[in-house]
Amino acid sequence: MEAVLKIKSGVDVFLRWFCIALFATLVLLVVWQVFVRQVLSSGSPWSEAAGRIVFIWQGLIGAAYVIGEKDDVAIDFLVRRVPQKFAKAVEILAHLIVAAFAGIVLVYGGSGIVMDRWADTVQLLPVTEGVLYLVLPITGALILFYEVVSILQTITAEKLEVTDPNEMDIDDIVEEGL
Numbered sequence: 001m002e003a004v005l006k007i008k009s010g011v012d013v014f015l016r017w018f019c020i021a022l023f024a025t026l027v028l029l030v031v032w033q034v035f036v037r038q039v040l041s042s043g044s045p046w047s048e049a050a051g052r053i054v055f056i057w058q059g060l061i062g063a064a065y066v067i068g069e070k071d072d073v074a075i076d077f078l079v080r081r082v083p084q085k086f087a088k089a090v091e092i093l094a095h096l097i098v099a100a101f102a103g104i105v106l107v108y109g110g111s112g113i114v115m116d117r118w119a120d121t122v123q124l125l126p127v128t129e130g131v132l133y134l135v136l137p138i139t140g141a142l143i144l145f146y147e148v149v150s151i152l153q154t155i156t157a158e159k160l161e162v163t164d165p166n167e168m169d170i171d172d173i174v175e176e177g178l
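The opening position of the sequence shown corresponds to residue 1 in my numbering, with each subsequent residue numbered one higher.
It should be emphasised that the hints constitute simulated quantities derived from the structure, not laboratory data.
We treat Cβ as the ideally placed atom computed from N, Cα and C, and that holds for glycine.
Any given hint could turn out to be false.
What the hints assert, rightly or not - Simulated restraints, written as ranges between beta carbons of each label pair:
1. 16 to 84: 31 to 37 angstroms
2. 20 to 127: 19 to 25 angstroms
3. 156 to 56: 31 to 37 angstroms
4. 127 to 6: 31 to 37 angstroms
5. 45 to 152: 25 to 31 angstroms
6. 42 to 104: 44 to 50 angstroms
7. 83 to 35: 28 to 34 angstroms
8. 41 to 115: 21 to 27 angstroms
Said to hold, decoys possible - Cut-off 25 angstroms, straight-line C-alpha distance, at most; resulting in silico cross-link-like pairs (DSS-like, lysine-lysine):
9. 85 to 70
10. 8 to 85
11. 88 to 6
12. 85 to 6
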């Protein structure tokens, strides 16, 4: 399990920096777009198209990172509200559902889209639509990896934290946005 956690830690660090780089690129593209439009009174259509692609990649890769950090609300919300004896089963089931979605929709479906669109060009950019859609199977594979790690951690955990329904604090729920 230690080796798996070391690999996860390395993937976490890579994704964190990759998301930072994507966000910085997005900011630069938007600043360039505004500069060209407002100062030079011209247009830069390629930067708008590139910004859209970077935004999509950043959002999907960022979602995989958030799932890896276990900051997704749904699983936590479910597990904390079931009796202790069912907590592990509910958490594993929730992770299996997310993994199934990642595998079927993102990896399998995304791979099909990538293959179908690999030769189609993106207007104004020297890349194909396949490159744009490549983020789908990549994100799916990352989510699958994180879900397998989460399931292994759940199985090896002695006890999961649950919340007694009688002790639920409405202020905490409102603060979390649920």
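The hints, checked one at a time:
Between residue 16 and residue 84 the C-beta distance comes to about 33 angstroms, which sits within the given range of 31 to 37 angstroms. The hinted window of 19 to 25 angstroms between residue 20 and residue 127 holds, with their beta carbons roughly 22 angstroms apart. Separation of residue 156 from residue 56 is about 36 angstroms and conforms to the stated range, judged on CB atoms against 31 to 37 angstroms. Distance hint for residue 127 and residue 6: a CB-CB separation of about 34 angstroms, consistent with the stated range 31 to 37 angstroms.
Remark: the range hint 25 to 31 angstroms for residue 45 to residue 152 is contradicted by a beta-carbon distance near 47 angstroms. Checked against the hint of 44 to 50 angstroms, the C-beta distance between residue 42 and residue 104 comes to roughly 45 angstroms, which is consistent with it. Remark: the range hint 28 to 34 angstroms for residue 83 to residue 35 is contradicted by a beta-carbon distance near 58 angstroms. Distance hint for residue 41 and residue 115: a CB-CB separation of about 42 angstroms, inconsistent with the stated range 21 to 27 angstroms.
Straight-line distance between C-alpha atoms of residue 85 and residue 70 comes to about 21 angstroms, which keeps the hinted pair within the 25 angstroms bound. Between the alpha carbons of residue 8 and residue 85 the distance comes to roughly 28 angstroms, so the proposed pair goes past 25 angstroms and is violated. The straight-line distance between the Cα atoms of residue 88 and residue 6 is roughly 23 angstroms, inside the 25 angstroms bound, and the hint therefore holds. Distance check on the hinted pair: residue 85 and residue 6 sit about 30 angstroms apart at the alpha-carbon level, beyond 25 angstroms; violated.
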